[in-house]
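Number of protein chains: 2
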Amino acid sequence: MVTSMTTSWMHISVDSPFSIHNIPFGVISSEDNPTHRPGVVIGDYVLDLAIFTANSGFSNLACIQSHLNVFAQKTLNDFAALGRPIHREVRNYLRLVFQHNGPYASVLETNATLQILALLPLSTIQNHLPLQIGDYTDFYAGLNHAYNVGVLFRGKDNALQPNYKHIPIGYHGRASSVVVSGTPIHRPNGQILPDSVLTPKVPTFGPCKKLDIELELAAFVCIPTTLGQPVPASSAEEYIFGFTLMNDWSARDIQAWEYVPLGPFTSKNFGTTISPWVVLVDALEPFRAPSSLSTSIETLLPYLHQPNPNTMFDISLTVELRPSGLSEKYTIAKANSRDLLFSFAQMLAHHTVTGCNMRTGDLLGSGTISGREPGTLGSLLEATKNGKEPLALGEGLKRTFLEDGDEVIISGRAGVLGRYIGFGECNGIILPAPSV
Amino acid sequence: MVTSMTTSWMHISVDSPFSIHNIPFGVISSEDNPTHRPGVVIGDYVLDLAIFTANSGFSNLACIQSHLNVFAQKTLNDFAALGRPIHREVRNYLRLVFQHNGPYASVLETNATLQILALLPLSTIQNHLPLQIGDYTDFYAGLNHAYNVGVLFRGKDNALQPNYKHIPIGYHGRASSVVVSGTPIHRPNGQILPDSVLTPKVPTFGPCKKLDIELELAAFVCIPTTLGQPVPASSAEEYIFGFTLMNDWSARDIQAWEYVPLGPFTSKNFGTTISPWVVLVDALEPFRAPSSLSTSIETLLPYLHQPNPNTMFDISLTVELRPSGLSEKYTIAKANSRDLLFSFAQMLAHHTVTGCNMRTGDLLGSGTISGREPGTLGSLLEATKNGKEPLALGEGLKRTFLEDGDEVIISGRAGVLGRYIGFGECNGIILPAPSV
Numbered sequence: 001m002v003t004s005m006t007t008s009w010m011h012i013s014v015d016s017p018f019s020i021h022n023i024p025f026g027v028i029s030s031e032d033n034p035t036h037r038p039g040v041v042i043g044d045y046v047l048d049l050a051i052f053t054a055n056s057g058f059s060n061l062a063c064i065q066s067h068l069n070v071f072a073q074k075t076l077n078d079f080a081a082l083g084r085p086i087h088r089e090v091r092n093y094l095r096l097v098f099q100h101n102g103p104y105a106s107v108l109e110t111n112a113t114l115q116i117l118a119l120l121p122l123s124t125i126q127n128h129l130p131l132q133i134g135d136y137t138d139f140y141a142g143l144n145h146a147y148n149v150g151v152l153f154r155g156k157d158n159a160l161q162p163n164y165k166h167i168p169i170g171y172h173g174r175a176s177s178v179v180v181s182g183t184p185i186h187r188p189n190g191q192i193l194p195d196s197v198l199t200p201k202v203p204t205f206g207p208c209k210k211l212d213i214e215l216e217l218a219a220f221v222c223i224p225t226t227l228g229q230p231v232p233a234s235s236a237e238e239y240i241f242g243f244t245l246m247n248d249w250s251a252r253d254i255q256a257w258e259y260v261p262l263g264p265f266t267s268k269n270f271g272t273t274i275s276p277w278v279v280l281v282d283a284l285e286p287f288r289a290p291s292s293l294s295t296s297i298e299t300l301l302p303y304l305h306q307p308n309p310n311t312m313f314d315i316s317l318t319v320e321l322r323p324s325g326l327s328e329k330y331t332i333a334k335a336n337s338r339d340l341l342f343s344f345a346q347m348l349a350h351h352t353v354t355g356c357n358m359r360t361g362d363l364l365g366s367g368t369i370s371g372r373e374p375g376t377l378g379s380l381l382e383a384t385k386n387g388k389e390p391l392a393l394g395e396g397l398k399r400t401f402l403e404d405g406d407e408v409i410i411s412g413r414a415g416v417l418g419r420y421i422g423f424g425e426c427n428g429i430i431l432p433a434p435s436v
Numbered sequence: 001m002v003t004s005m006t007t008s009w010m011h012i013s014v015d016s017p018f019s020i021h022n023i024p025f026g027v028i029s030s031e032d033n034p035t036h037r038p039g040v041v042i043g044d045y046v047l048d049l050a051i052f053t054a055n056s057g058f059s060n061l062a063c064i065q066s067h068l069n070v071f072a073q074k075t076l077n078d079f080a081a082l083g084r085p086i087h088r089e090v091r092n093y094l095r096l097v098f099q100h101n102g103p104y105a106s107v108l109e110t111n112a113t114l115q116i117l118a119l120l121p122l123s124t125i126q127n128h129l130p131l132q133i134g135d136y137t138d139f140y141a142g143l144n145h146a147y148n149v150g151v152l153f154r155g156k157d158n159a160l161q162p163n164y165k166h167i168p169i170g171y172h173g174r175a176s177s178v179v180v181s182g183t184p185i186h187r188p189n190g191q192i193l194p195d196s197v198l199t200p201k202v203p204t205f206g207p208c209k210k211l212d213i214e215l216e217l218a219a220f221v222c223i224p225t226t227l228g229q230p231v232p233a234s235s236a237e238e239y240i241f242g243f244t245l246m247n248d249w250s251a252r253d254i255q256a257w258e259y260v261p262l263g264p265f266t267s268k269n270f271g272t273t274i275s276p277w278v279v280l281v282d283a284l285e286p287f288r289a290p291s292s293l294s295t296s297i298e299t300l301l302p303y304l305h306q307p308n309p310n311t312m313f314d315i316s317l318t319v320e321l322r323p324s325g326l327s328e329k330y331t332i333a334k335a336n337s338r339d340l341l342f343s344f345a346q347m348l349a350h351h352t353v354t355g356c357n358m359r360t361g362d363l364l365g366s367g368t369i370s371g372r373e374p375g376t377l378g379s380l381l382e383a384t385k386n387g388k389e390p391l392a393l394g395e396g397l398k399r400t401f402l403e404d405g406d407e408v409i410i411s412g413r414a415g416v417l418g419r420y421i422g423f424g425e426c427n428g429i430i431l432p433a434p435s436v
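In the order they appear, the protein sequences are chains A and B. full-length UniProt numbering puts the first sequence at residues 1 to 436. full-length UniProt numbering puts the second sequence at residues 1 to 436.
Hints in this document: simulated from the structure, not taken from any laboratory. Do not rely on the hints blindly, as some may be mistaken.
[To be verified] Some chain B residues judged to face chain A by a derived CB distance under 10 angstroms, without partners named:
{"hint": "1", "residue": "S176"}
{"hint": "2", "residue": "I185"}
{"hint": "3", "residue": "T199"}
[Stated by the list, open to error] Covered, in the sense of this in silico footprint (three residues per stretch, anywhere, with C-beta under 8 angstroms from a C-beta of chain A), are these stretches of chain B:
{"hint": "4", "region": "154 to 163"}
{"hint": "5", "region": "166 to 174"}
{"hint": "6", "region": "228 to 241"}
{"hint": "7", "region": "254 to 267"}
{"hint": "8", "region": "349 to 360"}
Heads up, the beta-carbon is just placed ideally off N, CA and C, and yes, glycines get one too.
Using the sequences plus the hints, can you model the full thing?
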């Protein structure tokens, strides 16, 4: 049994996001081995699962014996497709392997040869997208964000649309441009309607002047569903592999001109960044909590009901900005993933309600997560009231929207010092717009 | 040289959509060989390209020698990724192979052994999705459709949004539920706001009562583009592999309740049907034509300019409905693909303008193609004025929206009798909604 007192034989800093209680999965390569392959991160090390598997690391785990090839793949899709009971056993087994004087100490703790082969310093590896993404869907479940944006554009009385509290509102995003943390993002050029133009409304073309972030949590789908067969929220969690952080970069001026009547398109599809490590649902189980938003299940249609009122996870989220040319970074938002009106299970249930099928590797974004107060807002659109009130970073520095060279760093974690279930970072730096 | 007088040694009915001038590509399987593999259709036969290749069918074609494995794949993605110059050579070569007394008569015309091996009766094969679709994007380039729908919901004065003539409006669709012709479609259940409900707006749950079609043309992307690097319309055609017909099934009542503010979602993602054969761009070259819609290129931003004013193809489109339980089918719309305001090159240019990357197998839908007159409308929403004016099919039969058991058949072709460049059929039959 892995108990709450588990300690590892590895040195793991107490502030590491990757405690022995976490064991998130990713896809790595290294300088001496450019092949993409699965790994898990613990402390400052990555366990190369391809090498670990090839060296009988899993020989004590019966459930995975006929599926060992999933760790020889270039993505986690095949592992994810095995389903949550197997993810659970594999993660629990790896925790025991890392446990000091655990039942499987001979696998790695006392096996210096395999340690040298399979444990790679985190600083030396390269991360890649953990799964091949089929479809990417972005929801809009951050009620405070939806409200704040609604107030900006429609006023307080009509801030939320009539459907908002009934439907996990979402739209299909662009899978091809989802990139892993660290990938630079080009400022987009696009069609923009100048504020000064009244009629006729003729757009100009040029670099986005309102380049924004969106703080989100995202979930990967593990087992597929069948076309025409909806999955109710009560059983939808079995289809969720785990979570990453997400930054859904947004070009607000392009969005404002293009989004009627079919929603955001080129203002969102130029890049979406996710953190590299997938934190499994089981790792977050101890941090289940209800939504921070008052809602009554009675108002929801039955397919969205979940028996457990703790439909959320208590994950602290932080957005930092490193201004162009500076080494220092400034916290611009702190929020919590409980600030969502709908859970990922409800999102998935709604996504399939008309019969849409999910595939392994599909990615669901939560929508922007914001609190209500200054300092808790997950987009610059909200924090600066659409650019009208610059955000003070300190030392005379301020921002309305992002400038070229700015770097945005999202991080998130559940738990307490020494026992963090963290995500690592979701980073991106802004490159200048292509010349036109 | 393939001349306009080319005749084939095969018997091809003069009304076949698959004349020797066409040679569209698809993916097939057969009862005795369930492996998915590429094929081309001509008349009533399919040439199995896996077998043809394995039996030296391409030994006279230099350009394909180092890529022969593309015909041993389960999709056309690898072939598509070779780019249009190679598609052109392969298609031209196959036309010569099928030409009576052509330069390559020995390959198939006088090779009875290979004919028996590689030519399969069309009626005996099963079609599959021709490419693995990365992302699917649906545009809204049918101006008449946009106008007709705008009139229905906003009146004549505000029918078209101010951005409509500047932007090839589009939204990201759902790739997982794109299915090949012949796949039945379940009527979706979903959230619907009853017409009688005024306030508070509380939805009910049940089967869609306004199940509709959308007549579209669709394009597959061949060579990929790079994230952050837009492609202007002037060179975008090189990224287009070819075309299929599309039926973008739509649940109008679910759509009406859900679509604000992020666009259609579950009302569209339960199924999208495409015809099985990809008609290559080159096959349609003789049928280039300008858009039927008056627009001036001066009003467009430069990235949407195309040097050739013939940005469209003159393809006649027909929608038929076979009512539940009947063998007879009724024509409910005839339209033309020139009834689009923007070309696929312009759609692709706009799609990439902010830097979004395209991948081989990405699918672009045109949006619903409608004329202005009764009998030319590509959706029942338009043809029945949102269900208010039933469409008479004949013999006392009428329809507002689709009923269970109804089958919809879309067909399309360019050219004249004996020389058709046709698509075959894009079919789907409506199954009852799952019980709730």
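Against the structure, the hints come out as follows:
Taken as an interface hint, B:S176 checks out: its beta carbon lies about 5 angstroms from the nearest beta carbon of chain A, inside 10 angstroms. The beta carbon of B:I185 is positioned within 10 angstroms of a beta carbon in chain A (closest approach about 8 angstroms), and the interface hint is therefore held. Look at B:T199: its Cβ gets to within about 8 angstroms of chain A, closer than 10 angstroms, so that hint holds up. For the region 154 to 163 of chain B, the stated coverage by chain A is satisfied: 3 residues place a CB nearer than 8 angstroms to a CB of that chain, which reaches the threshold of 3.
Given as covered by chain A, the region 166 to 174 of chain B passes the check, having 8 residues with a CB less than 8 angstroms from a CB of that chain where 3 are the minimum. With a cut-off of 8 angstroms between beta carbons, the region 228 to 241 of chain B has 3 residues touching chain A; three or more are needed, and the interface restraint holds. Closer than 8 angstroms: that is the beta-carbon criterion, and the region 254 to 267 of chain B has 12 residues meeting it against chain A, so the requirement of 3 holds. A count of 9 residues in the region 349 to 360 of chain B with a Cβ less than 8 angstroms from any Cβ of chain A is obtained; the coverage claim is therefore met, three being the minimum.
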